[in-house]
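Visitor: Given next are the chains, with one letter for each unit.
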Amino acid sequence: MYKAFLVDQNLIAKDVHFEQGCISCHKGNEKAQTKEEAHKSMVKRPSDDLALCAQCHEEITKTYKNALHYTTAGLRHGVSGRFSKEEMKAFEGKVFEKSCRTCHSTCGECHVKSPVIGGVNLGLIKGHQFVKRAEDKTCALCHGGRVYPEFTGEYGGVADVHYQKNMFCLDCHKKSEFHGDGNAYVSRREVKDKPSCTQCHKMGQEKTEKAKKAHADHSEKVSCSACHAAAPYRNCSECHLGKGATAKPALYLGLNPRDKKTVTTLRLVPTVKETFKKADIQSEAYDSLPNYWDTVPHNIRKRTERTRSCDVCHVEKKDFLTKEKLIKNGSKANEGLLYEPKPIKK
Amino acid sequence: MSKRKGIAVFLILIILSWMIYHSNDLSWAASRGTSNCEKCHTNDAVLKTLYKPPKVEAGAVVEEGEG
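First to last, the protein sequences are chains A and B. Those letters in the first sequence? Residues 1 to 346, per our numbering, in order. Those letters in the second sequence? Residues 347 to 413, per our numbering, in order.
Calculated directly from the structure, the hints in this document are not laboratory data. Hints are supplied without guarantee of correctness; some may be wrong.
Computed cross-link-like contacts, EDC-like style, restricted to lysine to aspartate or glutamate with a CA-CA straight-line distance of at most 20 Å [what the hints assert, rightly or not]: (1) B:394 x A:37; (2) A:98 x B:390; (3) B:398 x A:37; (4) B:385 x A:19; (5) A:40 x B:384; (6) A:44 x B:384; (7) A:89 x A:284; (8) B:385 x A:30; (9) A:35 x B:384; (10) B:401 x A:36; (11) B:385 x A:36; (12) A:3 x B:390; (13) B:385 x A:37; (14) A:137 x A:274; (15) A:126 x B:384; (16) A:126 x B:390; (17) A:14 x B:384; (18) A:346 x B:384; (19) A:27 x B:384.
Incomplete in silico selection of chain B near chain A, CB under 8 Å [unchecked claim]: (20) 351; (21) 384; (22) 387; (23) 388; (24) 390; (25) 393; (26) 396; (27) 397; (28) 399.
Here are the in silico distance ranges between beta carbons for each label pair [said to hold, decoys possible]: (29) A:184 x B:357: 58 to 64 Å; (30) A:31 x B:348: 50 to 56 Å; (31) A:262 x B:395: 57 to 63 Å; (32) B:394 x A:92: 42 to 48 Å; (33) A:31 x B:397: 17 to 23 Å; (34) A:174 x B:395: 41 to 47 Å; (35) A:55 x B:394: 33 to 39 Å; (36) A:50 x B:361: 52 to 58 Å; (37) B:358 x A:154: 58 to 64 Å; (38) B:354 x A:181: 34 to 40 Å; (39) A:45 x B:395: 44 to 50 Å; (40) B:397 x A:274: 38 to 44 Å.
C-beta atoms are modelled at their ideal positions from N, C-alpha and C, and glycine is treated no differently.
Construct the entire structure; sequences and hints are all you get.
Guide: Here it is in C-alpha cells:
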C-alpha cells in the first residue's frame, strides 16, 4: 500500500507542476529529518483551495467553483423538498456544511490521487502524474456504490454494452459536466447538454423494422432504460443512519416522478424518515417526495427480456412497481408512481 | 574549413539548440536541490519502512460510494 504514495522520480524533472517543489502545494517542512516533523501542518489536499490551481488554470477553476462536483448542491436539492422552512435552516448548518459539503471533489481527486471512500485509500493515480482522465481510479470510487459496479458488471447481472465496447465515463459525460459551464445548477437534472441515448442512436436509423416500430410506438411514453436496462441494479435505503445501509438488487418500472407521462426505471434512494433525526430534523414534508426516483441504470444492452417479448410488460407486468413491493413506512408519494401496463389490442 | 572542423561546429550547434530547447527543464532541475520530501517519496525502500497502514476497527461501519 505504501506504493500508493511513491512519487515517480522521472516526473519531477519533466513536469512543470514540480517546479516550485513539494512544499509549494503541500506545505509541511521539507528540511525536517523525521516523517512526523516533515508532515506537521502538511496539506493533504492542496487543491481544496481552488486558488492554487487557478494560478495557471484560471478558466477551469472559474467554472469549477460552481460545478456540482464542487458545490455538492445536488445533495441538498435531493432532500430539501422533505423539509419545512425551519428544518431547511437547520439542515444547512447542521448537515449540509458539516457532512454533505465535505464530499466535494477537489481538482487533485480527479487528476492526481484517488478520492478516499469508506477508508479505502488507493493513493496516487500514477506516481503523482497529473493525468487527464483515469475513471477507474476516480469516478469509480465516489460512484462505486451503484453506477460503476453496474457498468462493469461487478454488481452481478451483465456489464453495460458500452463498457464492453471499451467506453468509459468520459466518452459520454462531457468535460463540462465535471468542470462546470459557469452555471450554478441546483441538481444534475438541470445541466444542459447531458448525455442522451439519442445523441448517438438516432430514431429512425434502427437496423430492423421491429426495432423501428417498437421505438415509434413507445416514443415519449417509455424511457430507453425501461426496456434496455439489462439486469437488476442496486436499490438502497437507510444509508447514513450509522448502522449501515440496506441494499438489494431490483429492477423497478413505474411513472417518472418528474414527468408522470412516461414510464421509466425507478431506483429506491437512501433517504428514510429517520435519516436526519440525529440533527433533530423530523422531515415534516417527508410525504411530499417519493422514495423512488427515475434512474438510468448503467447496465444497458440492446437485447433484454423486455425487448424480446411484448408480453413481459403487457401480459406478465414483470418488474412493475406495485403496492406490495413498496418499502414499508415509505413516503405516501410512492403510490403515485404505480403504473399498470395495458394489454395490447390485437 | 577542414572537414573535421565542420563536423565539430555542426555537433556544437546541435548540442546548443538541444540545450536551448530544454532550457526550462534544465534551469529548475539545476536550481533546486533534492528536498527531503523527494528523498523519501521517490525511494521505494525508504517509503516502505515509513508507511503505517491505517487502523481498521472491528465493527466499523464502512459506507460505500454515493452513487
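Visitor: The structure should be examined with respect to each hint, and the outcome stated for every one.
Guide: Tested hints:
The suggested pairing of residue 394 of chain B with residue 37 of chain A holds, with an alpha-carbon distance near 18 Å, which does not exceed 20 Å. The suggested pairing of residue 98 of chain A with residue 390 of chain B is violated, with an alpha-carbon distance near 37 Å, which exceeds 20 Å. Straight-line distance between C-alpha atoms of residue 398 of chain B and residue 37 of chain A comes to about 16 Å, which keeps the hinted pair within the 20 Å bound. At roughly 16 Å between alpha-carbon atoms, residue 385 of chain B and residue 19 of chain A fall within 20 Å of each other, so this suggested pair holds.
Note on residue 40 of chain A and residue 384 of chain B: the hinted pairing holds, with a Cα-Cα distance of about 16 Å set against a maximum of 20 Å. Distance check on the hinted pair: residue 44 of chain A and residue 384 of chain B sit about 16 Å apart at the alpha-carbon level, within 20 Å; holds. This hinted pair checks out: residue 89 of chain A and residue 284 of chain A have alpha carbons roughly 13 Å apart, not beyond 20 Å. In summary, the hint linking residue 385 of chain B to residue 30 of chain A is supported, as the alpha carbons are separated by about 10 Å, within the 20 Å threshold.
Restraint check for residue 35 of chain A and residue 384 of chain B: satisfied, since their Cα atoms lie roughly 12 Å apart, inside the 20 Å limit. For the given pair, residue 401 of chain B sits about 18 Å from residue 36 of chain A by alpha-carbon distance, which is consistent with the 20 Å threshold. Among the hinted pairs, residue 385 of chain B with residue 36 of chain A is consistent with the structure: their alpha-carbon atoms are about 15 Å apart, no more than 20 Å. Taking the CA atoms of residue 3 of chain A and residue 390 of chain B, the gap is about 7 Å. The hint holds against a cut of 20 Å.
Note on residue 385 of chain B and residue 37 of chain A: the hinted pairing holds, with a Cα-Cα distance of about 15 Å set against a maximum of 20 Å. With a CA separation close to 33 Å, the supplied pair residue 137 of chain A and residue 274 of chain A exceeds the 20 Å bound. For the suggested pair residue 126 of chain A and residue 384 of chain B, the alpha carbons sit about 16 Å apart, so the restraint of at most 20 Å is met. Of the pairs offered as hints, the one joining residue 126 of chain A and residue 390 of chain B holds, with about 15 Å between alpha carbons and a cut-off of 20 Å not exceeded.
Under the criterion of a C-alpha separation no larger than 20 Å, the hint pairing residue 14 of chain A with residue 384 of chain B is consistent with the structure, at around 15 Å. For the hint pairing residue 346 of chain A with residue 384 of chain B, the CA-to-CA distance comes to about 76 Å; that exceeds 20 Å, so the pair is violated. A hinted pair counts as satisfied when its Cα atoms are at most 20 Å apart, and residue 27 of chain A with residue 384 of chain B qualifies at roughly 13 Å. This hint is violated: residue 351 of chain B has a C-beta 34 Å from the nearest C-beta of chain A, more than the 8 Å allowed.
At about 7 Å, the closest approach between the beta carbon of residue 384 of chain B and any beta carbon in chain A falls short of 8 Å, and the interface hint on this residue holds. Among the interface hints, the one on residue 387 of chain B holds; its C-beta lies about 4 Å from the nearest C-beta in chain A, closer than the 8 Å criterion. Residue-level restraint check for residue 388 of chain B holds (minimum Cβ-Cβ distance to chain A is 4 Å; threshold 8 Å). Taken as an interface hint, residue 390 of chain B checks out: its beta carbon lies about 6 Å from the nearest beta carbon of chain A, inside 8 Å.
For residue 393 of chain B, the suggested interface contact is upheld, since its CB lies about 5 Å from the closest CB of chain A, less than 8 Å. Look at residue 396 of chain B: its Cβ gets to within about 5 Å of chain A, closer than 8 Å, so that hint holds up. For residue 397 of chain B, the shortest C-beta to C-beta distance to chain A is roughly 3 Å, which falls under 8 Å, so the interface hint holds. The beta carbon of residue 399 of chain B comes within 6 Å of a beta carbon in chain A, closer than 8 Å, and the hint placing it at the interface holds.
The beta-carbon spacing between residue 184 of chain A and residue 357 of chain B, approximately 59 Å, falls within the hinted interval of 58 to 64 Å. A hinted range of 50 to 56 Å for the beta carbons of residue 31 of chain A and residue 348 of chain B is consistent with their spacing of about 54 Å. Our hint of 57 to 63 Å for residue 262 of chain A and residue 395 of chain B holds, since their Cβ atoms are close to 60 Å apart. A beta carbon spacing of about 45 Å between residue 394 of chain B and residue 92 of chain A agrees with the range 42 to 48 Å that was offered as a hint.
Take residue 31 of chain A and residue 397 of chain B: their Cβ atoms lie about 21 Å apart, and the range 17 to 23 Å holds. Separation of residue 174 of chain A from residue 395 of chain B is about 45 Å and conforms to the stated range, judged on CB atoms against 41 to 47 Å. Distance hint for residue 55 of chain A and residue 394 of chain B: a CB-CB separation of about 34 Å, consistent with the stated range 33 to 39 Å. Here the CB-CB span from residue 50 of chain A to residue 361 of chain B is close to 42 Å, at odds with the stated 52 to 58 Å.
For residue 358 of chain B and residue 154 of chain A, the Cβ-Cβ distance of about 59 Å falls inside the hinted range of 58 to 64 Å, so the restraint holds. As the Cβ distance of residue 354 of chain B to residue 181 of chain A is approximately 58 Å, the hint placing it in 34 to 40 Å is violated. Between residue 45 of chain A and residue 395 of chain B, the C-beta spacing of about 25 Å breaks the proposed range 44 to 50 Å. In this structure, residue 397 of chain B and residue 274 of chain A meet the distance hint of 38 to 44 Å, their C-beta atoms being roughly 40 Å apart.
This entry does not satisfy hints 2, 14, 18, 20, 36, 38, 39, going by the numbered hints stated previously.
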